[in-house]
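Engineer: Each of the two chains sits in its own frame; use the hints to bring them together as a complex.
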Amino acid sequence: MSTPAITIQKLTKIYPIPFKREKVTAVRELSLTVEPGQVYGLLGPNGSGKSTTMKIVLGLVAPTAGRTEIFGRDSRTVESREDVGFLPENPYFYKFLTGAETLAFYGKLCGLGGARLRERTRELLALVGLENAADRRLGGYSKGMLQRIGLAQAMVQEPRLLVLDEPTAGVDPAGSREIRDLILDFKKRGITVLLCSHLLEQVQEICDRIGILHQGVLVREGQLDELISIENQTEMILENPTPELLAEIRAMVGRSKGRVVEEGRPKRTLERYFLEVTGGSDE
Amino acid sequence: MTAATQHKTFSLARVFAIASNTLLELVRLKVFYFLLCFALLFIAVSLATSTLTFQEQFHSMKSMALGGMSMFTLLLAVLSTAMIIPKDIEERTLYTILAKPVPRFEYLLGKLGGVLAMLLVAMALMIPMLVLVLYVKEQSSLAAASRSLAPGPDRDAALEQIRLAAFSADLIPGLIIIYLKAAVCASLTLLVSTFATSSIFTIIVSCMVIICGYVQHFAREHALGAVAVGTVSVMNFLVKGVTILAMLMIPDLWAFDILDDATGALPLDLFAQTASLGGVYIAAYFLIGYLIFAGKEL
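Order-wise, the sequence lines are chains A and B.
Just so you know, the first sequence maps onto residues 1 to 283 in the numbering used here.
Just so you know, the second sequence maps onto residues 1001 to 1298 in the numbering used here.
If you're looking for bench data, these hints aren't it; they were derived computationally from the structure.
Since the structure is predicted, the reported quantities are computational estimates derived from the model, not experimental observations.
Worth double-checking, as some hints may not be accurate.
Stated by the list, open to error - Only some residues are given here: those of chain B computed to face chain A with a beta carbon under 8 Å:
#	residue
1	1011
2	1013
3	1092
4	1096
5	1103
6	1298
As the list claims (entries may be wrong) - The list that follows gives simulated cross-link-like pairs (lysine-lysine, BS3-like), each with its CA atoms no further than 27 Å apart:
#	chain 1	residue 1	chain 2	residue 2
7	A	23	B	1008
8	B	1008	A	20
9	B	1087	A	95
10	A	143	B	1030
11	A	95	B	1296
12	A	10	B	1296
13	A	23	A	95
14	A	143	B	1087
15	A	95	B	1240
Glycine included, each C-beta is placed from N, C-alpha and C at the ideal position.
Okay, chain B solo, but in the shape it has when bound (with noise of 0.2 Å):
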């Protein structure tokens, strides 16, 4: 008689298990606080834009912090992301994970739930060293504009432009796609881990099809541009095939590059566009490492 309860099909259990235990081991990685200190000491940094005016200050520093934070949580999560699959087959911690009644759909699910969660860590460690940044400025801001104009409609305006340009409910959505292109990196590098036989490998991979990513959208408008005003060929056919299947398996990361727009108000249908569009990724991606996945010998 064992003492294991009765085998369930799908156990959130045992994914959670995993999970708690993935974010646990990402969180104690160097490379984990190396990058977060440079991301800290990024957005403390982009407090130095002083020769501008006030609202292009403001405008500034989003635009260096977010896209500090935007960086470092991509590099962060195909840096991390890469090392934990190609780590537990090599320390063959895999083969005693897997000899348990442990699917390897909920193994492969625990792992990205891990790394989402340490992405979410990483997020919720910057956006207060983001929001600290933007209140010292906007009271310095506020302090020297007190100082310099006269009390009276001009300065309360001044004044109430200031506050308005400092942190406000219109950065949370750039924020949330910050995290959500960083997670459709993390799925795509884990996809990538289900099929490389390194940690090496899997981030050259990865770094290489992020790379493609970002140029997915000229490639795309050049290709099918070029072959809807061309004459109808074998080769044209063979370039939209070979375009469309280069678009499902590489994803269009200029898409999440919003920046410029998250640094004011974000429209709600293009936020809800780009997080669909994430959220599609990420489930793609995760579908078919989990294929490749349960077919490996191991």
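Here chain A stands alone, though its shape is the one from the complex (with noise of 0.2 Å):
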């Protein structure tokens, strides 16, 4: 059995109020497991403990009780974080680097050097698209360019594990897909994917199991799939049906214990149709 890239044992993070007798419990006894390869979305409300969560996962926070481990190495110690990358939410970097400049630095914090450092550089911008825009200083990038090159960042090392805050937030809807289609390419590659998203619809599309927070507190937790499908029901599109065959497909129905709960055309997303319309990226 291959050792979890995230464990969190009843975890539990109380802040206090400064000049205050009260205190804020941001999360309370969570456990919570995430195995290797695994897209796990870490859902919730503003201020539901998400953020929190991965703040003592990566180390930046420490837990007031209980247990962190990144592949089996406590998240408080420095060489967890060999093992992950992180992208938060919003994140500017440094706008004076370029994004070459960037990658690098980044990449001399987790000790690569030379030809090696030049190689990845080179591999990552290319990765997310950026290759044109490598020279080119990141106060002069658009919103999504900065999320591309934040997770370049976040994979410098090639870590087995990617944390990230709402990757596409502030994002228009040509670099959400690009963002979406990144991660899912992380996927592929077998990198284990902790998101935390406000954007269901897009957790839905890239995560394998779930975890949904509210007010600190772990409420459902599980494979997707099992977690939204609706066990009495079935589903059936069907592409050019003559009104014959559904009309015998309704008086079939109606001999049957069974009933036609909705019936119509689907609908293609918004999301899909203006990318349909607009088609562009936002280099």
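Structural biologist: Structural data, given as structure tokens:
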């Protein structure tokens, strides 16, 4: 049995309020496991404890109680971060650096250097589609490009785990689609992803498993398909059905114990329609 | 399998990466050029000291130029250091750095290294201006003395005195002390920024401590003197305790104000004593800052 990518055991985080006796419990007795290769969606409204959980996993915040591990290593240790890449919500990075310089800077922090770092920088710029903007300063990047360079820096040391906080926040639909495709590409490469997002439709498309946090408590957790499928209903989409065929199906349903709940033409999503009409990227 | 090499507990390469990035960040700030231009202007203006004897002129020029350099490097140290950590937190860049295998000690050391390198760059740009100004004055004084005095031993002695009064190696210890004072203030500002919530708060607190640093000397003498002549009481112990604590927390910046001495020959023991004090302050503030930053919740 392989070591889980993330293990969270009975995690509690309580923040004191300055100059008051009151305390705020951001996370309460949270336990969950993310297996290697999974894309795990951590969902919840604002203030539900998602960001605190992520920060504890990354060692940026100390837990009040409980324990978190990354591939079996205590996440409070610096060594545990060798295997993790992080993209925070709305990152700015250093505006005075170019895309290539940014990746070189983060690469050096991970112990890369020389020809190996140059090669890795080129690979990552190609991966996120920013080769043409490699020598442009980040101050001139669009929101979508910043998110993509953010994903590239998270990947610089080829980590086995990516932690992404709202990776498509503030990005237009085309940019959002590109980032989603990148995450799916990471998934194909076997990289584990912990994703926090408010965009439920996107989470549904990408994630294998989800956990829903509410007021610091994990209220639901499981495989996405199991959680959202309706047990006693079946969907069938027909192409070019004749009116006679539809009438026959309705009659058959009528003769059985079943019931037609809804009938109509399936619709493409507004996002798909928007992308068909505009078709471009944000570069 | 990660592309990164085996993790090292301490890596000079990581510190250097953070320091060089911080240096790049600071020398691209507008405040750097603004203060530097003012400093260069101030040094150049020191040339206009005409109504004195040439020895007084050189002394006055050096005092004014070195005073200007001291003031501007101190301002530069506080204003630029106050920005780096709060800005990294505000823009979440700090998260992306500390989410890599980078210990907080290295991050802070890299930031301090970057600031100290920036101060070196500022000094390296100001010193040639000082040398140029003194050279111009030396040449004009030599020409004036040659014209006004008849050839002979008196003129030779006067010319030699002018050459001795211009730039000499005696100025170097004074310049090092100016740099160290700015470095102490940078280290102090870095310490404040580890618990501050914004750049403006950091600047205000640091400036207050620096002002206290200039009067610490008097306060210390007054408080400890009063205790010495007074009767033994709980109050006296309290005053002494608070004074010692303040002495530890607030740098004695008066001890670095040896600029008048710097215009002449600075005794080696005074230079060594002041430089050691500077080193101790920098190390102490950095370590206290690290202890606060190590436990900081981001």
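Engineer: Confirm or reject each hint.
Structural biologist: Hint-by-hint comparison with the structure:
Taking 8 Å as the C-beta cut-off, the interface hint given for residue 1011 of chain B holds, the closest approach to chain A being about 7 Å. Checking residue 1013 of chain B against chain A: minimum C-beta separation of about 6 Å stays under 8 Å; hint holds. Hint status for residue 1092 of chain B relative to chain A: holds, with the closest Cβ pair at about 4 Å, below 8 Å. For residue 1096 of chain B, the interface hint holds, since its Cβ comes within 8 Å of a Cβ in chain A; the closest pair sits about 6 Å apart.
Given the 8 Å rule on beta carbons, the hint for residue 1103 of chain B holds: about 5 Å separates it from the nearest Cβ of chain A. Restraint check, residue 1298 of chain B versus chain A: the minimum CB separation of about 4 Å is within 8 Å; hint holds. Among the hinted pairs, residue 23 of chain A with residue 1008 of chain B is inconsistent with the structure: their alpha-carbon atoms are about 38 Å apart, more than 27 Å. This hinted pair does not check out: residue 1008 of chain B and residue 20 of chain A have alpha carbons roughly 42 Å apart, beyond 27 Å.
With a C-alpha separation of about 12 Å, the suggested pairing of residue 1087 of chain B with residue 95 of chain A holds against the 27 Å cut-off. A distance of roughly 25 Å separates the Cα atoms of residue 143 of chain A and residue 1030 of chain B; the hinted pair therefore holds under the 27 Å criterion. The straight-line distance between the Cα atoms of residue 95 of chain A and residue 1296 of chain B is roughly 25 Å, inside the 27 Å bound, and the hint therefore holds. Our distance criterion of 27 Å between C-alpha atoms is met by residue 10 of chain A and residue 1296 of chain B, whose separation comes to about 22 Å.
The straight-line distance between the Cα atoms of residue 23 of chain A and residue 95 of chain A is roughly 37 Å, outside the 27 Å bound, and the hint therefore fails. Between residue 143 of chain A and residue 1087 of chain B the CA atoms are separated by roughly 19 Å; this keeps the pair inside 27 Å, and the hint holds. Taking the CA atoms of residue 95 of chain A and residue 1240 of chain B, the gap is about 50 Å. The hint is violated against a cut of 27 Å.
When each numbered hint is compared with the structure, violations occur for hints 7, 8, 13 and 15.
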